[in-house]
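J.: Here are the chains, one letter per residue:
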Amino acid sequence: MIAELGLAALWLAAALAALQLLAGALGLTARGATLGEAVRPVAIAQGLLALLAFACLIYVFSVTDLSVKLVALNSHSMKPLVFKIAGAWGNHEGSMLLWVTVMGMAGAFVALVERRLPERTMLATLAGQAFVSLGFYAFLLLASNPFERLSPVPAEGNGLNPLLQDLGLAFHPPTLYLGYVGLSIAFSFAIGALITREVGPTFAKAMRPWVLGAWIFLTVGIAAGSYWAYYELGWGGWWFWDPVENASLMPWLAATALLHSCSVLASRDALRSWTVMLGVVAFSMSMIGTFLVRSGILTSVHAFAVDPQRGTFILGLLAIYIGGALTLFGLRASTVAEGERFALVSREGALVVNNVMLSAILGIVLFGTLYPLVAEAMGAKVSVGPPYFNPMSALFALPMLVVLAVGPLLRWRRDKFARVGRNLVIPAMLVVAAGIALVLIGGVSLLPFLGLALAVGLGWASVLPLKGRNLRRTPLPIWGMVVAHFGIAVALFGMSSESAFSIEKLVAVKIGEVTQVGPWGIKLDTVEPVAGPNWTALEARLLVRYGTDGRVTRMLPQSRSFWAPVQQTSESALLTRWNGQLYAVLGGEAPSVDGKDEVNGSGNRWQLRLWWKPFVPLIWVGALLVALGGALALLGHVLNDWRRRVVRGKIAYRRERQGR
Amino acid sequence: MAVKAKHQRLILLVVALVVLIGAGLLAAWALRNQASYFYVPSDIVARPPEPGRAVRLGGMVEKGSLKTAADGVTIAFVVQDGKAKVPVTFRGIVPSLFVEGSGVVAEGRMGTDGIFVADNLLAKHDENYVPREMQDMTKDQAKQVVAETQ
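Protein chains in written order, with the numbering used here: chain Y, 653 to 1312; chain U, 16 to 165.
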């Protein structure tokens, strides 16, 4: 019953999206102007219906209604409730439903609160949003119905991939989707502005909070995903350049560029067509990411279903939306009036460098991600990994970060390096000092070396825009910028330190044996079986001590066996200090040498993989600072807008009274 | 700097294009050099990749070939595809589904001594999460391989 309700809500939402598109398009014509008034309410209703459908799906998952095929295939009655609920989006159909729900809600939210755009642009924007939604509704209803019933009803479900049975899963996909799909707003804004040719500061100011919002979620989502991979996979790495990771990085790169060009357009009325272009590109990257992840052409924990028909469907949608938007851009870009001019040495100039470099990195990641697919089509099986991505992206990222240190100090329109030069003496000295220190330490390879030195200088330079300001009167967006840029420096330091100073040790030890990893002494105390709700495990108790006089702390890495579905995972144990993290993974019992079975249990050896990773948590701390900076900027912009509205309301009210 | 409006737009456009095209060319060049190719044992025997170059090797773990070194964490085994055999060494924790007779994809490089040094082993997880290369292989060669290993 609930499943049917969900399906009905979904069909209705799709119908409303069609209506929204039609009314929006007709509303732009002279005769259909009255129809335009229906667009906002329809958009809100559409969003609410999608939300209702999603709530229905969560309900059938939470009660494990096995007559619904999706539940039977992906859930299990013996799972903790939180994973039952999270399981609703831990599969292809559910995650696509989450996609359209976020998209519908985003449209509804725009319809509800956005009042700054000219009404015609608004109509075009909401029509654009409905047009994109419609394709994904079609995909969901025609090719991946989440509410399909199953007959006969099975006695038990298949369960969820154990790797996904983790609290990270409860938050990572929804957060990432809010970012991914939130960018659809920027896309629709760009289309709306192209249709009505109204690209200017008003447009940029209206678009900026939406881009910021999506970007914040994207940042948090990527950071959460990275941390999940770090502790759940037990491989000790935090970024693998896996195509699925790249799929989330590409929209982030485009959105970061968009954010910065948006601020140029809002403050200085320059970079008009470029900003619109980025609006189109950012969401296109989200869609390409979805195609890569959902079509099953990649193998990963994210590729839920391998169904070529679905891949073709998404590819068709991609062609229509990206192709259509780029065509529209091609037709209209030349008619968008040119913006203001600026000298090369200026805030705008620095932001252009930021944009070009981010685009270059985006191109490099896109190439590297698609190359294996292209090669496979031509009969060669290749994979592309860190040896390509690390140096290639650093080649553009490092110069960009140098400009990041200088750019925020420059004035708009025109400036001289001489004016800001004095401020940069200390950061430059810090870079040199860090460089010398690293040479003395020795053994640090080039990229982490540059990263560490640059991070130190950048950390200092990033707070310089606050110099000489009254801190209490500094606008929130400036605080946001400073915090976010400082976060970049912090994250860069963490990444470089991890790569430069990590110590790994792989050993097979007997119970009671002590092993050393960097400053840590680690003793294997016991290995004992433990049981969870749907798994059993071997749990090692490690007694670890930092240095010679530190306290002894326990770590409990596990090697888990799930039975629905049957799979083994390793639960790593992490111990965080201010200066880094100790990371422990329990392998199996070491196979006996030369085939001789060691019968007495005390003689058995256990495999342990241990890492000491100095300052590695800074990666995620930095990412969260970046997101916090975004949130501060967003808050600042929204408050400004709200204050302006209040003042305008008061003026109107006074005028009205005086008129009487 | 008094640059005419049109000129400035053009300069920006050209600079942006040069950087982006440069990035594209660099990427293409780097991809040719850095992409890691997939080999089955008979490919390795026929056209060995240069030692030290990152490649992936896929095949079946030969029965009776798995040996553990005295340190308890280094293993040696032979990967075969029914036509050729390649010896492999690996230091690390093996995936739980890695057993003799199962399929494996090893990421690593050929040593000068003709032994493949693996950094990472991907074993067949379950029906839903099969490495792509192995999917094809089980289709084409599994029967033959199984017949020959038994």
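Note that these hints are calculated values from the structure, not bench results. Just to be clear, a hint being listed does not mean it is correct.
[What the hints assert, rightly or not] Simulated DEER-style distance windows between Cβ atoms:
no., chain 1, residue 1, chain 2, residue 2, range
1, U, V30, Y, S986, 52 to 62 Å
2, Y, P1181, U, A84, 21 to 31 Å
3, Y, R1229, U, V132, 25 to 35 Å
4, Y, A1183, U, L40, 24 to 34 Å
5, U, T127, Y, E800, 48 to 58 Å
6, U, A84, Y, V1204, 24 to 34 Å
7, U, V132, Y, E1028, 21 to 31 Å
Cβ coordinates follow ideal geometry from the N, Cα and C atoms, glycine included.
J.: A range of 24 to 34 Å was offered for this pair. Does it hold for the Cβ distance of A1183/Y and L40/U?
T.: Cβ of A1183/Y to Cβ of L40/U: about 57 Å, so the range 24 to 34 Å is violated.
J.: Taking the CB of T127/U and the CB of E800/Y, does the distance hold inside 48 to 58 Å?
T.: Check passed, 57 Å falls within 48 to 58 Å.
J.: For the pair P1181/Y and A84/U, does the Cβ-Cβ distance stay inside 21 to 31 Å?
T.: Holds - the Cβ-Cβ distance for P1181/Y and A84/U, about 28 Å, lies within 21 to 31 Å.
J.: Return holds or violated for the Cβ distance of R1229/Y and V132/U against the range 25 to 35 Å.
T.: holds, 34 Å
J.: Could you see if the CB distance from A84/U to V1204/Y stays within 24 to 34 Å?
T.: Hint holds: Cβ distance 32 Å, inside 24 to 34 Å.
J.: Is the hinted range of 21 to 31 Å satisfied by the C-beta distance from V132/U to E1028/Y?
T.: With Cβ atoms ~26 Å apart, the hint holds.
J.: Is 52 to 62 Å a correct range for the gap between the Cβ atoms of V30/U and S986/Y?
T.: violated, 20 Å
Violated hints for the displayed structure, listed by number in ascending order: 1 and 4.
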